[in-house]
Amino acid sequence: MHAGGDNQAAPVPARGEGVGSAIRHLDGRGKVTGSLNFGADHVPDGAVAVRVIRSPHHHARFTFGDRQAFLDAHPGIDLVLDAGDIAGRNCFGVIPPFADQPVFAEGKVIFRGEAVAAIVGDVDAVKAIDEASFPVSWETLDHVLTPKEAQSANAPRLHAGREGNVLVGGRVERGDPEKELAKSAHRVSLSTTTPSIEHAYIEPEAGYAVRDGDRIVVHGCTQAAHMDRESLADIMGLALEQVRVVPTACGGGFGSKLDISLQPYVALAAWKLNRPATICYTRSESMRSTTKRHPSDISVTIGCDADGRLTGMDFSGVFNTGAYASWGPTVANRVPVHASGPYLVPGYRAHSLAIHTNAPPSGAFRGFGVPQSAIAQECALDLLAEKAGLDRLEFRLKNALKNGEPTVTGQLFEKGVGIVECLQALKPAWQAANETAATFNASTNGSGLRKGIGVASCWYGCGNTSLPNPSTIRIGITAAGHVVLHQGAADVGQGSNTVIAQIAADALGVPVHSLQLVGGDTDLTPDAGKTSASRQTYVSGMAAKLAGEALRSQVLRLGNVSEAADIDVKPGRIGLSDGDVRANIDLNKIDNAENGYVLFAEETYDPPTQPLDENGQGVPYAVYGYGAQLVELTVDTRLGTVTLDRITAAHDVGKAINPMLVEGQIEGGIAQGIGLALMEDYQPGRTENLHDYLIPTIGDVPPIECHIVEVADALGPYGAKGLGEHVLIPTAPAILNAIRHASGVLVTNLPATPDKVRAAILEGAEHG
Numbered sequence: 001m002h003a004g005g006d007n008q009a010a011p012v013p014a015r016g017e018g019v020g021s022a023i024r025h026l027d028g029r030g031k032v033t034g035s036l037n038f039g040a041d042h043v044p045d046g047a048v049a050v051r052v053i054r055s056p057h058h059h060a061r062f063t064f065g066d067r068q069a070f071l072d073a074h075p076g077i078d079l080v081l082d083a084g085d086i087a088g089r090n091c092f093g094v095i096p097p098f099a100d101q102p103v104f105a106e107g108k109v110i111f112r113g114e115a116v117a118a119i120v121g122d123v124d125a126v127k128a129i130d131e132a133s134f135p136v137s138w139e140t141l142d143h144v145l146t147p148k149e150a151q152s153a154n155a156p157r158l159h160a161g162r163e164g165n166v167l168v169g170g171r172v173e174r175g176d177p178e179k180e181l182a183k184s185a186h187r188v189s190l191s192t193t194t195p196s197i198e199h200a201y202i203e204p205e206a207g208y209a210v211r212d213g214d215r216i217v218v219h220g221c222t223q224a225a226h227m228d229r230e231s232l233a234d235i236m237g238l239a240l241e242q243v244r245v246v247p248t249a250c251g252g253g254f255g256s257k258l259d260i261s262l263q264p265y266v267a268l269a270a271w272k273l274n275r276p277a278t279i280c281y282t283r284s285e286s287m288r289s290t291t292k293r294h295p296s297d298i299s300v301t302i303g304c305d306a307d308g309r310l311t312g313m314d315f316s317g318v319f320n321t322g323a324y325a326s327w328g329p330t331v332a333n334r335v336p337v338h339a340s341g342p343y344l345v346p347g348y349r350a351h352s353l354a355i356h357t358n359a360p361p362s363g364a365f366r367g368f369g370v371p372q373s374a375i376a377q378e379c380a381l382d383l384l385a386e387k388a389g390l391d392r393l394e395f396r397l398k399n400a401l402k403n404g405e406p407t408v409t410g411q412l413f414e415k416g417v418g419i420v421e422c423l424q425a426l427k428p429a430w431q432a433a434n435e436t437a438a439t440f441n442a443s444t445n446g447s448g449l450r451k452g453i454g455v456a457s458c459w460y461g462c463g464n465t466s467l468p469n470p471s472t473i474r475i476g477i478t479a480a481g482h483v484v485l486h487q488g489a490a491d492v493g494q495g496s497n498t499v500i501a502q503i504a505a506d507a508l509g510v511p512v513h514s515l516q517l518v519g520g521d522t523d524l525t526p527d528a529g530k531t532s533a534s535r536q537t538y539v540s541g542m543a544a545k546l547a548g549e550a551l552r553s554q555v556l557r558l559g560n561v562s563e564a565a566d567i568d569v570k571p572g573r574i575g576l577s578d579g580d581v582r583a584n585i586d587l588n589k590i591d592n593a594e595n596g597y598v599l600f601a602e603e604t605y606d607p608p609t610q611p612l613d614e615n616g617q618g619v620p621y622a623v624y625g626y627g628a629q630l631v632e633l634t635v636d637t638r639l640g641t642v643t644l645d646r647i648t649a650a651h652d653v654g655k656a657i658n659p660m661l662v663e664g665q666i667e668g669g670i671a672q673g674i675g676l677a678l679m680e681d682y683q684p685g686r687t688e689n690l691h692d693y694l695i696p697t698i699g700d701v702p703p704i705e706c707h708i709v710e711v712a713d714a715l716g717p718y719g720a721k722g723l724g725e726h727v728l729i730p731t732a733p734a735i736l737n738a739i740r741h742a743s744g745v746l747v748t749n750l751p752a753t754p755d756k757v758r759a760a761i762l763e764g765a766e767h768g
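Heads up, the sequence shown is in the working numbering, so the first residue is 1 and it goes up one at a time.
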């Protein structure tokens, strides 16, 4: 528990003024001073170290040698763990029907970096081990790293029962796309590819475990403590109540820390030795063994009528889901829903496939496949606008969804569709950028420098696709007069500790800095669901609002005052003022204490969704967020280099619970979008460090102008929508569209590195 009042620097809003205030992170002081522990910051006394032995091959059989001889030769090593040490199921995964990844491989590995064993012992002894001395022999097998290879007739079959290495597919169809495309006045077809992308969070996987009698307690970085708890109980063959997960502060996740990583290794070691066990991945180990963004191969055809109204779209996406399922089913199902973009498309067909390969598992990464699909869709829209002779921004405005118009799944929103407002917010910058680029390009005098501008839009459904998605939040008042918020939504830097506290405080009617927070400890905090799918502000925020309102109602009833009364919680009592009426509640005289509180409320919120039918029609999400971005850049056509000059972003958040955190999300998402567009390309065995794998630095990020658009949602807390993933989606296509505007060529095989840009320019010149 820590006091919410750590950050007393302005603003410190009064009661009822928390929502909409740009307060600092409530956990910020602890992060700055170091008092808040991240995964590797605390190692219990007497802890042993754990080191995982991983495959150096993409695909291989293996056998173990004499483990006892290995232990005898290394006296500081206490234990070697492998699949035989797992009492429960040697298997984990985030989507139960597709849980297929072993904690330790058994006889065969199917990706480089897969775990086969772990050594446990004194820290210095474990560090000193030469991994080549570990008694394991390898027989390499043929491997496939791309979907095309994986679907060939002679490809190895990586999982029994998955024909052609196909994990799963997704589908959305509405209207008659073939008929609509056939009668279109203008059509564009486009194919794009994107590579594997590393999450590159600042903190590698780290944590420790302690055995507490017949319970195991795991401390570590995670995005989903309750989900980890369920997986660990299953792996270790324990009852759920025998497992406790205590999240540490998390130095970034972006989706990858939704999957199990370090947890079973430290848990098994601590359980068997009855000593604390700790682990901290090296950067190389983290990059080799954890999930990546799905590489994609996408084709799209899209058409419009003579007036520039979209008519039909046919989309096909193949995603490299890697060795194991992870979040592959989610990507395959989410992409067809979103591949239209936030536009009205009468005839629509979108199919997707997730294909197994011997690449590292592809999992959740900020957008679940939608950034990849948006690249193809938004670049095709640019080409179509020019064919129709329309301004690219106006073309998007003409086709943007509005309230009451059906999405491609047939869903209707009577309120809250904010894409038009986002695009309109860009119009002044769009006009100025066009004038600047035209003036510059008319006066470059053969320098080879050309300025370009690009625009792209996005939409993104908040929460799970057509699935239950509940969050539970608890808030209570102690006899001493402390207001305590049990906030289990993992804060991975995005600010859920702060935003959800702002919502709960306003709903109760107390100052946000008066709250004390209890984090996502599974013993102390109800399940607020995983931090993913841009769901926490909307789903957990709504649960916090309901819990705050329920507790407020209890307090007002005790004081026999109206809903308009002010609440003032003080040591041992609550003061109430309702106009001229004053009331006082003595907290020590309330004897119905529960969960340590004299008054408390616990509420759950689950968004109203409906399953999709065989054509993908239904209600996949209760809430969408919307956005659009404008990129200004300069291309050196002689070298192929791209310099970003300025990015203007407009994102509809419904209600900005904390405007400062909204801007932080926008800036962070844009930085990752720059990497996707211009430099990032993870290749197993070649780019397993942050020297060979390039990510954007501050020198790559231009000035960013943020426009916070607030088109209130009908369901969200105070009208709020999710934001975290939306902000990444438009960046890469806007950059590619700006490169094309500057140079005349569209790079479709990402990343758009200088050699690819220059080659495309030369090829374009060759073909006139």
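Keep in mind that the hints were calculated from the coordinates and are not lab data. Be careful, since some hints might not be right.
Restraint-style ranges between C-beta atoms, simulated for each label pair [to be verified]:
| id | residue 1 | residue 2 | range |
| --- | --- | --- | --- |
| 1 | 178 | 394 | 26 to 32 Å |
| 2 | 563 | 591 | 25 to 31 Å |
| 3 | 127 | 610 | 38 to 44 Å |
| 4 | 95 | 61 | 41 to 47 Å |
| 5 | 66 | 140 | 19 to 25 Å |
| 6 | 240 | 759 | 36 to 42 Å |
| 7 | 697 | 240 | 52 to 58 Å |
| 8 | 139 | 178 | 20 to 26 Å |
| 9 | 154 | 431 | 21 to 27 Å |
| 10 | 759 | 698 | 27 to 33 Å |
For every residue, glycine included, the Cβ atom is placed at its ideal position computed from N, Cα and C.
**Prompt:** Are there hints from earlier that the structure breaks, and if so, what are their numbers?
**Reply:** 3, 4, 6, 7, 8 and 9
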